[in-house]
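Hey, can you piece these two chains together into the complex? The hints should help.
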Amino acid sequence: MTNHMITGTQIKSTFIMFWLGSLVVLGVNQDAKQDAWIPILLSFIMFLPLIWLYSRLVHLYPGLNLFEMLLQIFGKVFGRIMAILFILFAIHLGSMIMRIFAEFIQILSMPETPQILTIALLSLTCIFCVSNGPENIGRISKFTWPIMAAAVLVTLIISFKDMDFNNLMPVMTTDFKTLIGGGLVLCMFPLGEGVLCLSLFSAVSPKIKLFKILIEALALTVVILLLVNMRNILILGFPSSTMYYFPSDQAVSVISVGDFFTRMEVIIGLNLMLAGVIKVCVCLYAASLGLAKVMNIKNQKSLIVPCCLLMVTVAGLIYSSTQDMTAWIKIYPVYAIPFQALLPAITLIGAEIQNKIKNGGSSKSKNSENGNEPAS
Amino acid sequence: MDTALIYLFFYAFLLIVDLIPLMKRKEKKVLYLSIPIFLLTLVINLMASFGVQFPALSPMIGQLVKFIFHMQ
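Sequence order for the protein chains is A and E. Numbering of the first sequence is given in the working numbering, commencing with residue 1 and proceeding in unit increments. Numbering of the second sequence is given in the working numbering, commencing with residue 1 and proceeding in unit increments.
Pulled out of the complex, with its shape left as it was, chain E reads as follows (with noise of 0.2 Å):
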């Protein structure tokens, strides 16, 4: 809960300090990118901090690069 609770205050600070400046500004191409990965690492990360498991990056490319350089 502590930790979302974090994550919130994250985002809103940043949603005032530099989403909703952008709506303002009406850079729209800039906009179709931000909002997507503003609700998208939002989501991700609150469903981390209230336990949702997701798999670990760095072991799974770990497994690609061991694979691909067939190293031990």
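Only chain A is shown next, with the shape it has when bound in the complex (with noise of 0.2 Å):
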């Protein structure tokens, strides 16, 4: 365990960051049409096993990240295997990440400015934030994060004369394998990528009731995802908000007030700033951690640099338009599955085995000091 502790308000505030890292630029999926807020109060109750799946693990082994877990309940072999899996999918996430930015900087703000800058920048900044330890993403996450919830609701508020409340209408036209199937998309992306913020677990105060912590978490970023997606449909209507790359970033450019306070889309930007940030530090520390767990290295602030060269690879590689970025996104869901809910769900059951047998050795060794014998 490190010196510094990451507290429950921080690990809070590091849940919301991460999940909202790209979807408050990206909007919701707009399957669902004008219902789609159906599906994000869906997500939060379809969300709850995976919730209390992660307080079990960090309840079985507290003061242990996402890979020292992997390692005692699996072995070396098998643990190191899934391991591996994980440092593959947190580099693929970062870099899914890093890409979202730069593409979002480069359409909207700077199209003559290459990529390379935005991501470079980018993850220079993340290096040095998680070379100052886990817990400096912890105090980071708690600053950054009522400075995005104020930039939400300042837009909300603000374009209240530009909503018009007929986009909503009709309501529950949509059928309800639509609504589930948009509900579970949401658990995938981007709630199921918190598996990943496990890895910061070794961190992590263990007096702290996660299960309550990440309940609060989970139920203000669906909050969170509502305002915004509701701020969306209103403003822009349906099918419109389904035209754009980026629908929040154009539902907020119509605000103004008055004359003189024009170009609100900039809060936009700063949101994906902060958050993205955060998410990117997380996807860096859970590989750089993993693959010095898995290398047997003591010292993972010196592998944070080559995850970060291959986040920063990948991520010019990974699309060859933007038009392949939103075709991905509606595949992402599907390809995280394994990741986010099978290997977790085949993480518990190995960790609730090895705790059985680990309770009934114990039991027995004991009932055998007291000269009782277990009855068989």
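Straight line, CA to CA, 30 Å or less: simulated DSSO-like cross-link-like pairs of lysine-lysine:
1) A/Lys298 x E/Lys28
2) E/Lys26 x A/Lys298
3) E/Lys29 x A/Lys301
4) E/Lys29 x A/Lys298
5) A/Lys177 x A/Lys330
6) E/Lys24 x A/Lys301
7) E/Lys66 x A/Lys330
8) E/Lys26 x A/Lys301
What the hints contain is simulated information worked out from the structure, not anything from laboratory work.
This is how it looks when you write it as structure tokens:
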């Protein structure tokens, strides 16, 4: 365990910022049309089992991070294979966020600037942030989360005069299958990605009540997502909100206060910058920590730069165009199921079995010490 | 050319900040991993900046996912 501990509030903020990393800019899946708020609410209920799974894992192995758990549960060989899968997922996710960041800035603000400049500056920020330890990610999240919430609230309040509440009509015309599907997609992108935050848990204070904290974080994330989605639909309407790569930016660009307070979309860029940095930092930390554990290297910090270089390179090669990016986002929830649901579930089953064997063994030895043989 | 220059500056900065201190500390295990990654990614990025076309990764993974899950 490290000397400085991440507090409950800090881990809550980290989860929120991680979950909102890209969604505040990209918006949520629009298959449910004007009923998109229903899948958002459903995703809260659908994600509860995974919240329980995370809490149970941390409860069974207090003070251990994801990779230490994997090695302890599955042993050196199988544990390493699973760790490598999570490392690859962390690198891929980090590079996806870097690319979204670069695309956003190139399309909307600086079309002549090469994407690598944005990616290089972002990665340098993340390298220095992660080099200062996981508790630094927690501190930054705690500081930046209120700024992001305030930015969303400000855009919502100021845009009130531009909203058309008829855009929400007709209500509940989408079929149940699409609504459930939308909820599941949200569970995979971005909620399920939170499994990578488990890599921070060797630096989290073991005294915290994780289940309660994660429920609070999930509730706040869902509220923010709901507000962002409602704002986009109420301003742009359907199908206009589906026509843009970055609907949040488009919706907020409509807002103005008189003639003197315009170009509010810069706030959306700020949101992406704050939450995107946290998300890339968590991915970078998870990848470097995992690599250190797999290669049995004590100093995880010396692997931050190699992992970041891999992310930068993958970010450059991941899509050939912005259309590729939007097409991939539709496939991504299916691709992510093994990493976000299957592997964590297998890990929990392994952890429960190991815990049962351990408890059985300890009670057996206690009984034999007392001279009582356990009943067969 | 601009892109290649940015890459060169970026890698030179990381060389000074990260790789040279690692060499001084003689962390052999880390160096065996860091140096190949450093060189490999530099070569790929420079080639890409000079216009060499690499296949995009996500469409390839997407094809694989569609094949496995029988998606349309």
